[in-house]
Amino acid sequence: MNLRNFYMVIFVALLVLSILFIAGGAGQEEKTISIARERNVLYLFNWNNYIAPDTIKRFEQSCNCELSQDYYSDNEEMLAKLAAGATGYDLIVPTGNAMDSLIRQGALKPLNKSLLPNLKNINPIYLNTAFDPENKYSVPYAYTLTLLGFNRKKMQDLGLPTNTWAIIFEPKYLEKIKGRVTVLDSQRELMSAALKYLGYSVNDTDEEHWNQAKKMIIRAKPYWTAFSNTSYIRELAVGNLWVAHGYSNDMFQAALDAKRTGRKFTIDYSTPKEGGVLALDSMVLHQSGVRPDLAHQFINFMLDGKNSAELTNLIGSGNPNMDAMKAIHPDIIRNKAIFPDKKILARLEMLQDLDRNRRRLLSRLWTEIKLR
Amino acid sequence: MAKWLVSGPPILFLLVFFVVPSLIMIVTSFRFPGEFGGLAPLVAPAGEVGGEYGLTLEAYQFFLSNSLYAEIFLKSFGVAAATTLICLIMAYPLALLIASSEKRFRNLMLLLVLLPFASNFLIRIYAWMIILGPESVLSHFLNTILGVFGIAPLTLLFSPFAVLVGMVYVHLPFMVLPLCTNLEKHDLALLDAAQDLGASSWQCFWRITWPLSLPGVFAGSALVFIPVLGMFAVPEMLGGTGDILIGNLIKDQFLGTRDWPFGSTLSIMLTLAVLSIAGLATWFARQSGGMKYAE
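Taken in order, these protein sequences are the chains called A and B.
Sequential numbering from 1 applies to the first sequence in the working numbering.
Sequential numbering from 1 applies to the second sequence in the working numbering.
I should point out that these hints are in silico values taken from the structure, not numbers from a laboratory.
Yeah, the Cβ is synthetic: ideal placement off N, Cα and C, and Gly gets one too.
Treat each hint with caution, since some may be false.
Said to hold, decoys possible - Computed from the model, here is a short list of chain B residues facing chain A with C-beta under 10 angstroms:
no.	residue
1	Gly37
2	Gly38
3	Ser65
4	Ile72
5	Lys75
6	Met129
7	Glu135
8	Gly239
9	Gly240
10	Gly242
11	Ile244
12	Phe254
13	Leu255
14	Thr257
Chain A extracted, bound-state conformation (with noise of 0.2 angstroms):
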């Protein structure tokens, strides 16, 4: 055999091992199934981070099961995984306006709240949204504010303010932080930032207000230095960036590693006075998952306000959990932005899930934002 020959049996036998290797995938399926029913195993759809892992040890040995966890960074990441086939959750964590959709899809098993006792501890202004009207399918779990973070020392060197959505879209305050700014990354986050400072509302579909909104972020689009929905933690931190729009958990990490690095600036964030996004984040039980006793069961245990606690210690998150806050640092239960009082939690809206030709439309004004 010569050496050509070789190299393409090889190559072949490859090739024949993947096809088996793929072939044995989508048995795969059944197989968890199968392995979940037998094996204790909670199957969870949950954001990168979200769960304390000593919340996670402690489950596991109450419910003598196992805890499996998938991520997402995104809803839209989430959905869109969903949309594709993904299977086999029990629960998964969506936020307000996907949950929405999920709901209207009939992709989910309503909650059987006998057997969450804990609902008792939920603050009833996280209750009935208009996603989810008498919460037949959903607990809320966690909630995140779209805010302004920025470097202290840096704002009151210039002068500028720090209450109002202008710093970003403001050529005057602009020009004196030029290149050290990023926005989200975010189509439907960057739209409801622009159009809470023209006065509209986060949900507002209007062209006219959506074309006004572009024109101001075109304007300001100069002086950003990116659309960042993730790195500007860690450039926040260091101090190469002294503005970023952001969410506050992530704040909340940006100003505990400065604080931990020992820089000589301190990095603050809070709600524009004009108002913003509150993205409300629950629990839900898919209609793949096969575990709805272990599902309902770990709700139960995440009601409980030591265990919905350790997550707001963990990494800042808004808690709805009226139970969890005496096992809350008291300098996050100070931090406004963190736990906004009545008069800010007035202007904070939810956003609602889009219809096929406003997502068509928002999509194409963000390639001109992004062109231009």
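Could you slot chain B onto chain A? The hints should help.
Just chain B now, with coordinates in the frame of chain A:
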């Protein structure tokens, strides 16, 4: 018979994993997007009148309704062409060096070219984010020198420059390898003969080495140009506020917008553009006679 036994599985593989998905993509581009992502059903559910079901040219109309998309295509082709050219200029001398060295060094050098593949692509891009960042040693050094001449400090990261650096870095080995494979097969006697007949070393290169290496140049260019066109991670991580390429746009349609038909339309347009460029290039190479050395 034996020929078919051996080549059967790869042909089957291509049929199953290239032709079938492409057909699915073509059909998808003629359908309506589903309300929650995915696709709207082909047939209206019983009892529903009107609504958007069946096949449509809507996605193509949307593509043509605005010059925006053509601009992104042009821009992406520009970036891909620039990346290919820079890779070629950087890879050619390196490939010449490797091909002309002794065998044991040659293998070592080839190994070094391949070494970056040993670590994950995203980690290497993150490394570039540190190297190019505003507080990096490189940025400080560069801006101190620029400062001496009174030039305003430059930001390297989050710029078209950073995107180009990332693209070239990631794709350079794909240019070096085919060039090496080609160059090491050259018959050195040709160069000796040319020199004996009085050719300068420059003439030797231009009239012998370069034309003979054209197949390697074409192969390397294709291996760089085409992946760069579809790349979305590099502009997303290293790019600034204006660095959007077709790859990013297509990815957005499937994740952010959940608009499969339009995403498929964009992908088909991209495939058509790549195929027509490849076709044109082959035709051009034939016309100019460049390939006659290769065959």
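So, going through the hints one by one against the coordinates:
1. With its C-beta approaching chain A no nearer than about 4 angstroms, B/Gly37 sits inside the 10 angstroms limit, and its interface hint holds.
2. A hinted interface residue such as B/Gly38 counts as satisfied when its beta carbon comes closer than 10 angstroms to some beta carbon of chain A; here the least separation is about 4 angstroms, so the hint holds.
3. Hint on B/Ser65 holds. Least Cβ distance to chain A is approximately 9 angstroms, under the 10 angstroms limit.
4. For B/Ile72, the suggested interface contact is upheld, since its CB lies about 6 angstroms from the closest CB of chain A, less than 10 angstroms.
5. Checking B/Lys75 against chain A by beta carbon gives a least distance of about 8 angstroms; that is within 10 angstroms, so the hint holds.
6. Annotation: interface hint on B/Met129 holds; nearest CB of chain A at approximately 7 angstroms, less than 10 angstroms.
7. A distance limit of 10 angstroms between C-beta atoms decides the matter here; for B/Glu135 the minimum to chain A is near 6 angstroms, and the interface restraint holds.
8. Given the 10 angstroms rule on beta carbons, the hint for B/Gly239 holds: about 7 angstroms separates it from the nearest Cβ of chain A.
9. Because the beta carbon of B/Gly240 sits about 5 angstroms from the nearest beta carbon in chain A, less than 10 angstroms, this interface hint is met.
10. Using the Cβ-Cβ criterion of 10 angstroms, the hint placing B/Gly242 at the interface with chain A is satisfied: the shortest such distance is roughly 7 angstroms.
11. Against a cut-off of 10 angstroms between C-beta atoms, the interface hint on B/Ile244 holds, since the closest Cβ of chain A lies about 4 angstroms away.
12. For B/Phe254, the interface hint holds, the least distance from its beta-carbon to any beta-carbon of chain A being 6 angstroms, beneath 10 angstroms.
13. About 5 angstroms separates the beta-carbon of B/Leu255 from the nearest beta-carbon of chain A, less than 10 angstroms, and the hint is met.
14. Because the smallest distance between the Cβ of B/Thr257 and any Cβ of chain A comes to about 4 angstroms, under 10 angstroms, the interface hint for this residue holds.
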